[in-house]
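With the sequences and hints as input, model every part of the structure.
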Amino acid sequence: MSARIAVPVFPGTNSEDETVRLLRDCGGDAELVHWSEPDALRQFDAYVLSGGFAYEDRIRAGAVAAHDRMMDLVIAAADAGKLVFGICNGAQILLEAGLVPGTGPARRPTAAFAKNAPSAHFICRHVHLRLALEPGRCAITAALPSGALIPAWAAHAEGRLAATPQRLEEIVSGGHVAFVYAHADGTVDSEAVPNGSALGCAGLVNRDGNVLAIMPHPERDAWNFNHLDLIEGDDVLAPSGGSAVFRSFVQALA
Amino acid sequence: MKRAVAISLKIPDNTAYTALVALRRLGVAVARVERSDVYFFEDGADRTALAARVAADEAIFNPNKHRLAVLDRGAPRRGEVWIEPLIASKGAPAAVAWRLLDEAGAPVERSVLAAAVERLLCNPAIDRAVTEGTR
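Top line first, the protein sequences correspond to chains R and E.
Sequential numbering from 2 applies to the first sequence in our numbering.
Sequential numbering from 424 applies to the second sequence in our numbering.
Don't read these hints as lab results, they were simulated from the structure.
Where is the CB? At the ideal position from N, CA and C, for every residue including glycine.
Heads up, none of these hints are tricks.
Computed footprint of chain E on chain R; a stretch qualifies when at least three of its residues, placed anywhere within it, have a C-beta under 8 Å from a C-beta of chain E:
{"id": "1", "stretch": "52–66"}
{"id": "2", "stretch": "106–113"}
{"id": "3", "stretch": "157–171"}
This is how it looks when you write it as structure tokens:
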């Protein structure tokens with residue numbers, strides 16, 4: 002029996018359908034679980050928190066969802082070693098829940114994906130993420146090659162990693178930076194960072210390597226039909242680069 | 424003269440209500456939550472003129488949904504916390520003021536406010552919480 006993956010849906014989540022579809026395309030047994038049936042989450046082996054605006058981002062992005070009943074169960078599952086993957090708003094929720102970087106008590110955030118800088122405006126930009134960990138450091142990225150380059154779409158107004166200098170030092174020394182922004186050729190510099198994120202960080206992993214939070218959306222560059230420069234004759238349903246993260250996630254559950 | 428102006432909703436404030444529900448779920452004993460955006464203005468000597476000028480600023484004030492108050496104080500009241508971003512954004516409020524009231528309509532105790540701040544209202548990675556007497 003294959004591992005079951007839940008995609009929790011909070012009021013305001015909006016990327017759940019493509020997330021489930023991609024997980025299924027990658028061989029995963031995924032389904033949606035709505036906020037009205039939180040106890041259903043107990044039946045699952047892994048969790049993917051997708052993008053959107055849970056609870057309309059009231060108070061702060063991810064802050065209210067982090068205290069939702071569904072997150073009680075996701076936090077317990079993470080503590081038990083189950084895989085939890087958050088994308089965009091899902092990543093913001095994981096930081097607000099204190100699951101990543103996980104250097105403080107549960108539900109006491111030590112970092113945030115805060116308003117973009119220098120402009121606090123929403124950005125929608127194609128980006129590349131470079132794996133900054135040895136793949137084995139994080140179970141979810143374990144099937145990716147070292148230094149893997151993942152295409153994705155950054156679509157957020159609050160994606161800038163922010164923390165106090167002490168907490169940033171903990172993030173670096175604890176090896177919590179999972180992905181950094183890069184150019185298409187894999188080089189890394191400040192020009193590749195679309196939002197002023199500290200450390201050029203696009204994603205964080207917890208200490209145990211079973212919880213991963215990334216801001217850009219790889220599921221929006223997961224099939225050829227996501228590409229504006231699609232050439233006539235291309236297989237529109239063929240997977241593209243962003244699907245690699247999801248394949249790695251599903252493989253980790255095999 | 425520097426003066427603070429608070430702009431709040433006169434229509435139902437869904438964010439304040441969500442905060443109320445979330446705080447109760449976290450075990451914080453609060454009966455009502457009020458929220459307002461706080462802006463500081465350097466030229467506040469004439470209160471009436473300041474109020475008129477802010478009321479005419481369509482970027483921050485809509486008379487159909489907002490009310491404004493020119494504050495006598497530059498700091499929170501009892502039962503109130505001002506959440507200030509560590510990095511200010513141009514045009515954004517200097518703080519979000521949260522006022523927590525108990526069943527009798529009185530400001531909550533300092534310990535209740537501290538619990539609300541720690542558990543929900545402030546992320547210390549990006550915000551600072553200012554309460555009565557702490558500025």
